[in-house]
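Visitor: Letter by letter, the chains look like this.
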Amino acid sequence: MMYSKKVMDHFMNPRNVGEIENASGVGEVGNAKCGDIMKIYLDIEDNIIKDVKFKTFGCGAAVATSSMATEMVKGKTIQEAMKITNKAVMEALDGLPPVKVHCSVLAEEALQAALWDYAQKNGIEIEGLKPPKSGDHHHIPENDE
Amino acid sequence: MMYSKKVMDHFMNPRNVGEIENASGVGEVGNAKCGDIMKIYLDIEDNIIKDVKFKTFGCGAAVATSSMATEMVKGKTIQEAMKITNKAVMEALDGLPPVKVHCSVLAEEALQAALWDYAQKNGIEIEGLKPPKSGDHHHIPENDE
Amino acid sequence: MQKIYFDNAATTSMKKEVIDAMMPYFTESFGNPSSIYEIARENKKALDESRDKIAKLLGADSKEIYFTSGGTESDNWAIKGIADVYKDKGNHIITSSIEHHAVLHTCEYLEKNGFEVTYLPVDEYGQVNPKDVEKAIKDNTILITIMYANNEIGTIQPIEEIGKIAKEKGVIFHTDAVQAVGHIPVDVKKANVDLLSLSGHKFHGPKGVGALYIRKGIKIKPLLHGGAQERGRRGGTENVPGIVGLAKALELAVENMEENNKKMIELRDYIIKGVTEKIEHVKLNGHPTNRLPNNINFTFDFIEGESLLLLLDMKGIYASSGSACTSGSLDPSHVLLSIGLPHERAHGSLRITIGDENTKAEADYFLEVLPSIVQRLRDMSPLYEEYKKQKNR
Amino acid sequence: MQKIYFDNAATTSMKKEVIDAMMPYFTESFGNPSSIYEIARENKKALDESRDKIAKLLGADSKEIYFTSGGTESDNWAIKGIADVYKDKGNHIITSSIEHHAVLHTCEYLEKNGFEVTYLPVDEYGQVNPKDVEKAIKDNTILITIMYANNEIGTIQPIEEIGKIAKEKGVIFHTDAVQAVGHIPVDVKKANVDLLSLSGHKFHGPKGVGALYIRKGIKIKPLLHGGAQERGRRGGTENVPGIVGLAKALELAVENMEENNKKMIELRDYIIKGVTEKIEHVKLNGHPTNRLPNNINFTFDFIEGESLLLLLDMKGIYASSGSACTSGSLDPSHVLLSIGLPHERAHGSLRITIGDENTKAEADYFLEVLPSIVQRLRDMSPLYEEYKKQKNR
Ligand SMILES: Cc1ncc(COP(=O)(O)O)c(C=O)c1O
Ligand SMILES: Cc1ncc(COP(=O)(O)O)c(C=O)c1O
Chain Z
155 MMYSKKVMDH
165 FMNPRNVGEI
175 ENASGVGEVG
185 NAKCGDIMKI
195 YLDIEDNIIK
205 DVKFKTFGCG
215 AAVATSSMAT
225 EMVKGKTIQE
235 AMKITNKAVM
245 EALDGLPPVK
255 VHCSVLAEEA
265 LQAALWDYAQ
275 KNGIEIEGLK
285 PPKSGDHHHI
295 PENDE
Chain U
155 MMYSKKVMDH
165 FMNPRNVGEI
175 ENASGVGEVG
185 NAKCGDIMKI
195 YLDIEDNIIK
205 DVKFKTFGCG
215 AAVATSSMAT
225 EMVKGKTIQE
235 AMKITNKAVM
245 EALDGLPPVK
255 VHCSVLAEEA
265 LQAALWDYAQ
275 KNGIEIEGLK
285 PPKSGDHHHI
295 PENDE
Chain S
6 MQKIYFDNAA
16 TTSMKKEVID
26 AMMPYFTESF
36 GNPSSIYEIA
46 RENKKALDES
56 RDKIAKLLGA
66 DSKEIYFTSG
76 GTESDNWAIK
86 GIADVYKDKG
96 NHIITSSIEH
106 HAVLHTCEYL
116 EKNGFEVTYL
126 PVDEYGQVNP
136 KDVEKAIKDN
146 TILITIMYAN
156 NEIGTIQPIE
166 EIGKIAKEKG
176 VIFHTDAVQA
186 VGHIPVDVKK
196 ANVDLLSLSG
206 HKFHGPKGVG
216 ALYIRKGIKI
226 KPLLHGGAQE
236 RGRRGGTENV
246 PGIVGLAKAL
256 ELAVENMEEN
266 NKKMIELRDY
276 IIKGVTEKIE
286 HVKLNGHPTN
296 RLPNNINFTF
306 DFIEGESLLL
316 LLDMKGIYAS
326 SGSACTSGSL
336 DPSHVLLSIG
346 LPHERAHGSL
356 RITIGDENTK
366 AEADYFLEVL
376 PSIVQRLRDM
386 SPLYEEYKKQ
396 KNR
Chain L
6 MQKIYFDNAA
16 TTSMKKEVID
26 AMMPYFTESF
36 GNPSSIYEIA
46 RENKKALDES
56 RDKIAKLLGA
66 DSKEIYFTSG
76 GTESDNWAIK
86 GIADVYKDKG
96 NHIITSSIEH
106 HAVLHTCEYL
116 EKNGFEVTYL
126 PVDEYGQVNP
136 KDVEKAIKDN
146 TILITIMYAN
156 NEIGTIQPIE
166 EIGKIAKEKG
176 VIFHTDAVQA
186 VGHIPVDVKK
196 ANVDLLSLSG
206 HKFHGPKGVG
216 ALYIRKGIKI
226 KPLLHGGAQE
236 RGRRGGTENV
246 PGIVGLAKAL
256 ELAVENMEEN
266 NKKMIELRDY
276 IIKGVTEKIE
286 HVKLNGHPTN
296 RLPNNINFTF
306 DFIEGESLLL
316 LLDMKGIYAS
326 SGSACTSGSL
336 DPSHVLLSIG
346 LPHERAHGSL
356 RITIGDENTK
366 AEADYFLEVL
376 PSIVQRLRDM
386 SPLYEEYKKQ
396 KNR
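Chains as they are written, first to last, in our numbering: chain Z, 155 to 299; chain U, 155 to 299; chain S, 6 to 398; chain L, 6 to 398.
A few of these clues could be false.
[Said to hold, decoys possible] In silico SDA-like cross-links for lysine to any residue, where the CA-CA straight-line distance does not exceed 20 angstroms: (1) S:Lys50 - S:Ser34; (2) U:Lys230 - U:Glu281; (3) S:Lys92 - L:Arg46; (4) S:Lys8 - L:Arg46; (5) L:Lys320 - Z:Ser158; (6) S:Lys172 - S:Asn134; (7) L:Lys365 - L:Glu271; (8) L:Lys8 - S:Lys92.
These are computed hints drawn from the structure, not numbers from a lab.
All chains should be modelled from the sequences, with the hints used to inform the complete structure.
Guide: Here it is, written out as structure tokens:
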């Protein structure tokens, strides 16, 4: 497996690692059994994501997608953040090896889980946001044979 | 497969190649189907093998065993010649590869066939001499598995 | 004494460029391509590039090339792997009577395990008739395996036509192209094949490495179960140096094919002409024109092949024979028998397979020494004696 | 930056002496050992000598050594070849849950084809209990296949004892000794084994070449049908350079084993001590003493293996992990799960496998950089965060 330079940069120098005390929303997805857990903290004010932090247990791609996803939402409105898909994260990282695509899905899910938490806490509804799935998050790349 | 030096010498410089006109006895064994034919000519006088010649169609070992067998009987009495076994021919050649042992058997058989021919022509009986076998002379080396 | 290597169908010498290409992967860059760290990535890259290169040279896609340990493994895998997948659909396999033992013995093994195999005959030149293939196809036929070119007599089969028939009838088609790849143009798409075997050491590459082309969409069971290498289809730590050598050798072979073949066909025909002019009672085996550029196969009446080889060896000439005596078996070459030679004539065959390094001077030397060697053996042969007597009658 | 290769269980670098031994067979002496002429005879001789050498080093007879393309082929051949011969006598096979995939996936394949396989559990150190083997044997048991030493955690199995039981019960016993041969003393007679797999690239020999020891008298079907090579049991033109390299590498490994192992065990234990002293929440996997001299396997809690490997790679250190992420599969190492590690801890494993070329200075560098790398990943880990919160409560 080979990672792009962007992935390696975000893995080696991950942006936004950490926690936010009393965060507006926190989302955690994945499970240790599968080898990756992502936890995203959001600080939201006036519909704007003012700050974002993450903690990740996982492989290089898991760390890099967490880092990239948090970079991409920082300073954005909730609606803008909702538009950030796993594909966008992957593209911003110049791609991921096929077996690692699920990491970008995880990043999208972690972000949406944090937004869901924020919405729940504040009794608001965010258009297009669904409650976080639980359980197995893995999307096994299909075998083309 | 590797031949001994002796085998190679008798193959490269075969002794007694040729025919004997009006031979006392001629024996031919083997068949072209199996890839070797040996024909031995004997000139017998007063119970002594005064001359011997051979012609062989066959592999290196077939030629070498013909050459060695003819050398071994030359000048011998019929009774002495009867004692020359394929094992003796092989030993005189410093051995043969296992798949080539049948060539030495062929040489013994060719010799005995020539003696048989001589005995038939002269209405005598040679002790221990059996009529030549016809058909497949091959002795397949046993697989030890 | 000069040494003349005339047995290039058995194996070839490795080109210097091939050894040079392999060397770095023996030493500095030795990692296991499945690992993730730097030196392993270099290895992975070499592996990918080699696969791309071979794919391109065969008109295939990279994902269709699977590395193996040689022609025998490729043949076994193709045949058993397809039989295993389709055994519930059908149990009939079509092949020819002149295949290499890697194919024939695999088919015989399957016969003992519930499969039915049709061994198609060949004509006097060793060619399979595509019409025979068509006629042999039944409802339960799951595989056709016919070699691209024969290793003994050099005859090239009508692979495209057979492939077209297989396609029309929806039967999977494998070809053992071990003697063809690197020697004549081979394009998997044009040839209409689903699977194709090749082996490195037949075109100046390393021994112990080959490949199987498996067309996209073809289902096959692994032969070597194990790690996830080769897209999960063939386990085993990849032989990176060998694979790099394989790709380099094929690249060189294809690049120089036109030029080499022009030269080799000239030399081949020069030898054929020389031998048939100088020696009586000789017959060229295989197709007169539709044959591999490197292949010459003669039958010399009244003499036996191994003796001939030994005497040539003494003159520094290395060749091969279909004689039973050279193989340790009782029967001479099944290929020569299949083209209709009687046993005694099959025993007297001589195969000369030239390489791009052989010269006209070598051919001349061979043509100079051969007649007396043949004569010497004939003078020793009871068959020749008989022939002369009958003629003089 | 210095480069430290700590992944010798994945593959090894080739020794210069091994390459030197192989070189002549790439160039001048390239003939096909099955031919009869001079250069082929040289090749045949090299082949015979290599076979003799390997046989002697394993306490076997030359006729019991069969060359293959590596560990995977040897394992597949042993298991399928025995199953094929004895399928009418019985269909039960006993193996362990921590075998290499070359064994496990072969057994799983046979399960799909009418065989019954018992996967014996192992204890927390990864050892099979010989009593479990004995209990598992049934009337229809035809084969026991238990590895000599494990490739991930280095645990050495009680092979002699298992072999004794197999012998008493009249069941054929195969051992995958790919990680043992060339690393610890292996004698086929003492070990009471009927079949034994080995692979060249695990002891500084070439990739793509291995061997299968088959005790005299054991019946086995070929896996690669073809020519009469390897006494008719394994077709394919012999990889002479590879085989010569294999023999040379084993010779060197055995000659220097005592000395190398003394040094390596010292280094191994130095690293184990250093890591466990410097880092909290770390566990040594595998047997504390009954392990391969080259093997170290840790679990670091709260972190994931691939990340750890990448950061070590950035420091020039090449190691391996049982993390699922490094294999592209979903589950972490079946070996680590079998010894009872929960999934999340199995994901956090690091395997260091040293070679005779590694130095104490390299170990010191590793011990210097590892703690901060582990700490860095823990600081990023939500599991560690949770742990700390719980502890502070
Ligand atoms: C225990 C064990 N068995 C089998 C194999 C397979 O060997 P190879 O990669 O040479 O096919 C390996 C190594 O990959 C191994 O460690
Ligand atoms: C036509 C053909 N098929 C298969 C093979 C087997 O190839 P290998 O010896 O590389 O296993 C050979 C050569 O021996 C061959 O000539």
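Visitor: Hint compliance check: list the failing hint numbers for this structure, sorted ascending.
Guide: 3, 8
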